[in-house]
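K.L.:
For the record, the sequence lines run as chains A and B. When the letters of the first sequence are read in order and numbered with the UniProt record's numbering, they come out as residues 1 to 250. When the letters of the second sequence are read in order and numbered with the UniProt record's numbering, they come out as residues 1 to 411.
Derived by calculation from the structure, the hints in this document are not laboratory data. Incorrect hints may have been included.
Stated by the list, open to error - Listed next, the stretches of chain A that the computed footprint assigns to chain B, with coverage defined by at least 3 CB atoms under 8 Å from CB atoms of chain B: (1) 55–69; (2) 141–147; (3) 207–219.
Stated by the list, open to error - A short list of chain A residues far from chain B (calculated; beta carbon distances all over 12 Å): (4) Asp-9; (5) His-11; (6) Gln-18; (7) Ile-31; (8) Gly-34; (9) Arg-84; (10) Gly-85; (11) Gly-89; (12) Leu-98; (13) Gly-99; (14) Arg-100; (15) Ser-101; (16) Glu-105; (17) Leu-109; (18) Ala-110; (19) Val-158.
Glycine is no exception: its CB is placed at the ideal position from the N, C-alpha and C atoms.
Here is what each chain is made of, one letter per residue.
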Amino acid sequence: MPPLIRLLDIHKEHPLGQRKVHALRGVSLEIREGEFVAVMGPSGSGKSTLMNLLGLMDRPSSGRYLLAGQDVQQLDHDRRATLRGREIGFIFQAFNLLGRSTAVENVELALTYAGHPRKERRRRAAEALQRVGLGDRQDHWPGQLSGGEQQRVAIARVLATGPRLILADEPTGSLDSVTGREIMGFLRDLNAAGRTILLVTHDPAVARQARRIVSMRDGQVVGDDIQAEPPAPEATPAAGPGGHSVAVPA
Amino acid sequence: MSPLETLRIAFRAIRANLLRSALTMLGIIIGVAAVITMVALGTGAQRQVAEQIRSLGSNLLLIQPGSPNQGGARLGTGARPTLTEEDAAAIAREVPEVVVAVPTMSGAGHIVQGNLNWSTLVGGITPGYLTARDWRVETGREFTLEEVETAAKVVLLGRTVADILFPGDDPLGRQVRLANTPFTVIGVLASKGQVAAAGRDQDDTVLIPLSTAKLRVLGANRLSRTLVDFLLVKVTTDEAIGPAQQQIRQLLRQRHRLAEGVEDDFRIGEPFAAMEARAASTRSLTYLLAAIASVSLVVGGISIMNIMLVSVTERTREIGLRQALGARRRNLLNQFLVEATTLCVLGGVVGVLVGIAAAFGIGAMAGWPIWVSPASVILAVVFSGAIGVFFGFYPAHKASRLDPIQALRFE
């Protein structure tokens, strides 16, 4: 079985005015299905660019990207969108919920584009919200929810489609530490259920909860460590106040 | 994503910015309302004229005796009768475009019934007259050919005369006296109503057979037994009027033995030419006004495009997020296109309602006839939808082409 992600000598240049910014300079990386990887590095190290490439939101200037053995380089815009909707889930620092849609509608969104019928969408979205403990907030607007709750809606959005790869870009960056730990708990549960997770973070404490830490600097991978010990037990959400555990069907 | 789904999203976006949506629609509303009002007023006027022409009888030619020139002094039209029943028969026979040619006499007459009496216009006619005038007998019957040939003492009453002489009574079969002669009422004509252009009540008349008129009512001091006052000629179509006129003129000159260079002793007129011209000019004026009004529709469309562009910019992050969640270009294109089109169609529907209200308001105040044709309503709504598609396309296309990364990062 091929690795879920295989990057071969990826370069990425952004035009910036007259100059070009060389955001990635020859990144090669393999991530197997079921891994929990934290990507660390200072600002401008290229970790966000890497995430965008992995999420099929952007294309590399050169190099190859194989997702589940498939060369996704040659896919057109719409094929990439379809693949993104089906196989990849995003969790953002800014939550990115639609302000004019209710919680359940936000969760439904990806299912809508995947073409599931309305009834099934509503059922799956409601289930996903139930699992993140927001079963009673389905019809709330994002503005009526706290930051932590909004991020839980975002996690429910990922749960509903059940993607193989979850890309979390500073998911706890806008949250207080207690809520942050809760969100990390959900991510670990998702990982335990077999989802591959890539997490970008500044916070070493957050990164330590991953099994593998990839360090980046100046557009290159400068470190790739597998951590022997399991995640710190005091950070499990079951121990935290208001924690919920996520049960993901295999 | 189903069309219904897309429509739901569009309605949500429109509702979310209700004031802005309403203001955006205003351009379309005003444009559609203006077009609907103009067309309703114009069509109303047109139909009124058409109705008048129809009531007088369409495609008619009126042939009157000419104005003779006696020692330099011109006498009035009809001063010397020159037209005969045979002229009418010849026209009907020899000019193919002619449907009927009716010799007619007319004059004032005093009609008495019991202790009621009334002065009215008496027409001496042959049966073709009613065909020429597109006139129906409401109750009773027309003259038979035999009655015309035998100068029977029978009369058809105009609506007004019937109402005056037989108030609340059925005049059929009753006797009236006309020029001291008893006549039997055999029918009442359908009402044609007042005609503004003719300046009189068309129903204030009685019709009797031409032969009877000559013999007993109008013929007493006439020069010849065969002469008539005028000929009424109905031709097949509007286009046939010109050629028919030429042929009739040739024929009558020949029949009246007028040498080359001698003036016509008759006049052929189109009694309703002026009205038809008015109808035509009303029609072109309606089109012109509608065209001017539709300029504001285009302006409305531009404001739709403007707002949609603003909306796309404002919702750049939303677009980026939708792309991240698997939205294809077509999904985004449809989303914004349907939103723009929905705005326009809503505006169109409101505009139609406002336009109809305005048209009836103006009509009631000015006393003008109003006619809102279903076609203009459907066309207005469809056209505003088309404006939505046309002016919504560019913003929607722009939305669908946004780069996902840039869109998601957009502040």
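K.L.:
Of the hints given before, which are not true for this structure?
P.N.:
Checked against the structure, the hints that fail are numbers 2, 3, 9, 10, 11, 12, 13, 14, 15, 16, 17, 18, 19, while the rest are satisfied.
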